[in-house]
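Colleague: Residues per chain, in single letters:
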Amino acid sequence: MAARTDVWTTLTDPLIRQNPVTLQILGICSALAVTTTLATALTMSISLTVVLTLAAGLVSVIRRHIPETIRLIVQIVIVASLVIVIDQILQAYFAEISRALSVYVGLITTNCLVLGRTEAYARHHAPLPAMVDAFGNGLGYSLVLILIGGLRELFGKGELFGHQVLPLADAGGWFTPLSLMLLAPSAFFLLGLLVWTVRSLYPGQTEAPEHTPPLRAEPAE
Amino acid sequence: MTELWGLFLMAAFVDNMPLTLFLGLCTFLALSKRPEAAVGLGVAMTGVLSVTVPLNHLIYVGLLAPGAWAWAGLPDLDLSYLSLIAFIGVIAASVQFLEMILDRFFPAIHAAFGVFLPLLTVQCAILAGSLFMVERSYTLAQSAVFGLGSGVGFAVAVAMLAAIRTRLSYADLPAGLSGLGIAFVLAGLMSLGFASFAQMAAAQ
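Residue numbers (the working numbering), protein chains in the order written: chain A, 410 to 630; chain B, 434 to 637.
If you are wondering where the hints come from, they were derived from the structure by calculation, not from laboratory data.
What you are looking at is a predicted structure, and each value in this text was computed from that prediction instead of being measured.
Keep in mind that a hint or two might mislead.
Derived CB-CB ranges, DEER-like [to be verified]:
1. A/Leu537 - B/Pro607: 37 to 45 Å
2. B/Thr435 - A/Glu568: 37 to 45 Å
3. B/Ala604 - A/Arg473: 45 to 53 Å
4. A/Glu477 - B/Gly439: 42 to 50 Å
Take a look, some chain A residues computed to stay more than 10 Å from chain B by CB distance [claimed, not checked]:
5. Gln427
6. Arg472
7. Glu568
8. Phe570
9. Leu587
By construction, the Cβ of each residue, glycine as well, lies at the ideal position given by its N, Cα and C atoms.
Produce the entire structure from the sequences given, and follow the hints as far as they go.
Modeller: Okay, here's the thing in structure tokens:
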């Protein structure tokens, strides 16, 4: 029974409590760049989860054979090969989304999240837990991406997955699109607010203030 | 010449790596707590980017691009799918090389960089510089200018963010917002500022 709860916590912990994006600041680059629409966010999430799970499994299988000194290069080559496969699949079957994602699929290679998980977890654990952990982290990342992507597409265009959800003012409805939502700054604001929300729900995650202001001397009467 | 200058300005400000294209954010946020560290990171980024982008350009054109092996009787060979692995290898090697040179000849600078240099291998902004170079098919001169410009843009942005964060360290923020949360909001505000460069470029 104990083993099963272990697997369950490994899988569910990274979803919100240990979320890789909001708590560990890993893999933010792509989290912000591809979230202008829900479709690209979803494609990116799936690609990253697949790469992460497979990479963790592979690294974990050969973990006893990788020499300590060159382990980073070995891990990067494994990740890069998987990313090339994913990139080719996307180009072949989802050409339009692949163009929208531009270089960001290739950048999964240097996504700190992938290297962070293989380096911190998969290197020391058996293949099954490593893959479960990687899958959980992939899901946590996907959750943030889909949330931000959905919000940006809904308020930026009034659409979800390209279907009109809110009637536009131009077409006789009531909704005026917020074009700021489609630009870079809004992604930063949304993620900042998300971090604030998560940390208010789990106060243990707040960072200790770096400086404490000196106590003000009471004015002598 | 003016064309190259325009490309430099575009890479540094209009297409600013962290603030407009969201590249290299991990180090951008993690190392912007202290101005000294931020400046060190900015200089290292500029150095590595302006070396690796032209180098990767030579490798791509000479070895990987479709038709690069035509002289050897293999005109149909297209190795461009290998570019990701090749670029990562070049970046890792040049970071290592830069570190060795600095360690041997400029120990003071090497000590100032500390741990940042090896970290740059897995910096998405650096890999992205090379990938953009392929996607936009720059020439050798253009890719050198593009690498330099992107590095300078990154350095400016990270130094500014570090300055603002130091300034805010005494501010009385809500507990959940301090640290990472406020850094995101600041980056958003700076990104709004940098968006005005895009407007200026569009107006021309």
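Colleague: Decide, hint by hint, whether the structure agrees.
Modeller: Status of the hints after comparison with the structure:
1. The beta-carbon spacing between A/Leu537 and B/Pro607, approximately 41 Å, falls within the hinted interval of 37 to 45 Å.
2. Distance hint check for B/Thr435 and A/Glu568: the Cβ-Cβ separation is about 41 Å, which falls inside the suggested range of 37 to 45 Å.
3. Checked against the given bound of 45 to 53 Å, the beta carbons of B/Ala604 and A/Arg473, roughly 50 Å apart, stay inside it.
4. With their beta carbons about 48 Å apart, A/Glu477 and B/Gly439 fall inside the hinted range of 42 to 50 Å.
5. Chain B leaves A/Gln427 outside its interface by the beta-carbon criterion, the shortest separation being 14 Å against a cut-off of 10 Å.
6. With a cut of 10 Å on Cβ distances, A/Arg472 stays outside the contact zone with chain B, its closest approach being about 19 Å.
7. Look at A/Glu568: its CB is around 22 Å from the nearest CB on chain B, clear of 10 Å, so calling it non-interface holds up.
8. The beta carbon of A/Phe570 sits about 22 Å from the closest Cβ of chain B, which is more than 10 Å, so the claim that it is off the interface holds.
9. Interface exclusion of A/Leu587 from chain B stands, the closest Cβ pair being 14 Å apart, more than 10 Å.
No hint from the list above goes unmet by this structure.
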